[in-house]
Amino acid sequence: MFFRQAGVYHTKYAEDRTFFPIPVDRWMVSALLLLSLIAPFVFSSLALSTYLLPWLVWTSAVLGLNLVIGWAGQFHFGYAAVMGIGAYTSIHANRFGIPWELSLLLGGCMASFIGVGFAFAALRVKGLYLALSTLALQFGMDWVISHVPAISGGTQATLQAPPVYLFGQLLDGEISFYYIALAWCLIVTIFMLNLKRSSLGRALISVREKDFAAAVIGVHSFYYKLIAFATSSFIGGVSGAILIFTFYRAATPEQFSINISIELLAMVIVGGLGSIIGSFFGAAFILLMPGQMNNFFAWLAVTLNAPLGIETLSHIPNAVYGSMIIIFLLIEPMGLGKLYNNLRDYLLVWPFGYQQK
Amino acid sequence: MDIIMLGELAINGALIGLMYSLVALGIVLIYKSSSVPNLAQGAMVMLGSYVVLGYANIFNIGIWYAIPLALITMFLLGIGIERVALRRLAGRPIIMILMMTLGLDIFFRSISMSIWGGTSRPMKIGISDDPLFLGPILLNWAYVIGAGVALILFGIFVFFFRTRRGIVLRAISDDYTASWSVGISVERGVALSWAISAVVATIAGVLWSSVQGVDQSLSSLLLKGVTVAVLGGLDSIGGAVLAGILLGIFEGVASGYLDAIVGGGSRDLVVAATLIITILIRPHGLFGRHDIERI
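So the sequences go chain by chain: A and B.
Note that this note's numbering has the first sequence beginning at 1, numbered continuously upward.
Note that this note's numbering has the second sequence beginning at 1001, numbered continuously upward.
Certain hints may be false.
[Stated by the list, open to error] A few chain B residues that don't get close to chain A, going by computed Cβ distances all over 12 Å:
#1 Gly1007
#2 Tyr1055
#3 Ile1063
#4 Ile1079
#5 Leu1089
#6 Met1096
#7 Leu1102
#8 Phe1107
#9 Ile1115
#10 Gly1166
#11 Val1230
#12 Asp1268
#13 Phe1287
[What the hints assert, rightly or not] Per label pair, the in silico range of CB-to-CB distance:
#14 Gln1216(B) x Phe212(A): 36 to 46 Å
#15 Gln1216(B) x Asn295(A): 18 to 28 Å
#16 Leu288(A) x Gln1216(B): 46 to 56 Å
[As the list claims (entries may be wrong)] Partner residues aside, some chain B positions facing chain A, computed with beta carbon under 10 Å:
#17 Tyr1031
#18 Ile1097
#19 Ile1106
#20 Val1168
Hints were generated in silico from the structure; no laboratory data involved.
Cβ atoms here follow ideal geometry from the backbone N, Cα and C, with glycine treated the same way.
Given these sequences and hints, build the entire structure.
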């Protein structure tokens, strides 16, 4: 009834290829876009700067990681390191005097350049061994970032992000930062939506399904693996830089440690492999859940009159996060994106569903 | 640098390396009998030693009585992991399985942190702190005993994989479907491998925590365990032992020289580099089986 397909005729090829052929989808997307544009005036500044802004930046990063895992089918356990490379490069470039916009691009290119190094591991191995070698590269990057004073300023140092000038205009305050994050997230989302229907995307999918078979039908699988790693590293690098410039405002090596890589992977898995809307859901879920769980357990402890130690309380969100990964893998391996699709498929024919067996 | 220092670094490295093999043995066991790369081994090592301490505290008994209890508990836990987490994942793509073991890793780590807290505590199992003199070379008793236990376990497992049940486990690792079709209970086999691996993890946990105390850093043994397992070949028990010795010597000597240059903390870097180089040059390790892929 809502997702009415009747009356949607494809008379031109261009219409057949639109993002959202069903009118309700278009309405929903426009409403969401409008909401995201007026969000600074609707939500409180706390919600804007602690929930919406990081959510958008993390979502862009998750989309980038999804490109390499969900589309190209290559493991990447070192995505946080790639984000860190982008962040540190752009901070240093900006401090050196390069304009902010260019230093973002430079950060992305640097991340892409080093991220291709991860792909050379993919040249020789795949599956489990690729996962382990990217894991080792993450450890190596961690070590380099924290132990080379020229990059991080030493093991314990924090690197302040310089003020942001966009086209010579000083950007300050969370509202302008929010719009930067929104713009980047939209760019990445549109890129990924387009990727789905381009020849590049189809080539990546064929590499994911079976790279030898892809090579047999003429898809140069190593070339596409390189492209996947380079593109996703570019997205990750710029996202890392934006994360530092707009959210953390200072860079420390721990912000890009192995735990963050695993968290990003968890976002991809919980959201759904190769699902764009799932990336939004997954990032939101993993970002918001620990805080909510902490509140919930604190409330539970007070109501049940069972005092929990501070240490216990501080580790319970992590335990819930681990069990969430386990539960999602057991119940819905394709994640929240698949759940959304199930709901949508149900609504497509509602109220005249198919006969249940 | 004189030759005695080099020798001391090398021998201590070899002993520490054998203790890494203890962690790696658990990974190899599970991989050899179910083709699941277990990234939760580090957390299981940590959980095992916490359980030992927990039993010693609750029942107010000596550590030596708590260890058998903990071994039984971890054995059951291993069976439980297979039943709850891995049975439904059989035949799924490897990323799901890797993510599952990572989820288990996070879960076990934070559960043991939230139950027992993060402060480091000693585990006294009666190994003397006096150094062992071997000529001019100083050795640590804890490392010597750990290395001995690793060798004993190696012997046991080499024997085990020649028994009937061991052959069953190897068949399961080869092909789940083929094993089912000849009447092997794959679920039981996988459960058994997880249970044994949890027991080995507990032993490794006890030995490691007698060196460095019981705290969260035990779970970071995972990287070293994985490196040893990959270097030796993921399905080779002898490989795990030899690779442990090699990695230990290499790490000890290389970081002994590197630390002076880069100012400490180069151990993890050496290990990570070893892992990458191994995978790039010889992905199936020293003695691992080289799988041929079919399209």
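To see whether the hints hold, each was checked on the structure:
no.: 1; hint: Gly1007; result: holds, 28 Å
no.: 2; hint: Tyr1055; result: holds, 20 Å
no.: 3; hint: Ile1063; result: holds, 24 Å
no.: 4; hint: Ile1079; result: holds, 16 Å
no.: 5; hint: Leu1089; result: violated, 7 Å
no.: 6; hint: Met1096; result: violated, 6 Å
no.: 7; hint: Leu1102; result: violated, 6 Å
no.: 8; hint: Phe1107; result: violated, 3 Å
no.: 9; hint: Ile1115; result: violated, 7 Å
no.: 10; hint: Gly1166; result: holds, 23 Å
no.: 11; hint: Val1230; result: violated, 6 Å
no.: 12; hint: Asp1268; result: violated, 6 Å
no.: 13; hint: Phe1287; result: holds, 16 Å
no.: 14; hint: Gln1216(B) x Phe212(A): 36 to 46 Å; result: holds, 42 Å
no.: 15; hint: Gln1216(B) x Asn295(A): 18 to 28 Å; result: holds, 25 Å
no.: 16; hint: Leu288(A) x Gln1216(B): 46 to 56 Å; result: violated, 25 Å
no.: 17; hint: Tyr1031; result: holds, 9 Å
no.: 18; hint: Ile1097; result: holds, 9 Å
no.: 19; hint: Ile1106; result: holds, 3 Å
no.: 20; hint: Val1168; result: violated, 23 Å
Of the numbered hints listed earlier, those contradicted by the structure are 5, 6, 7, 8, 9, 11, 12, 16 and 20.
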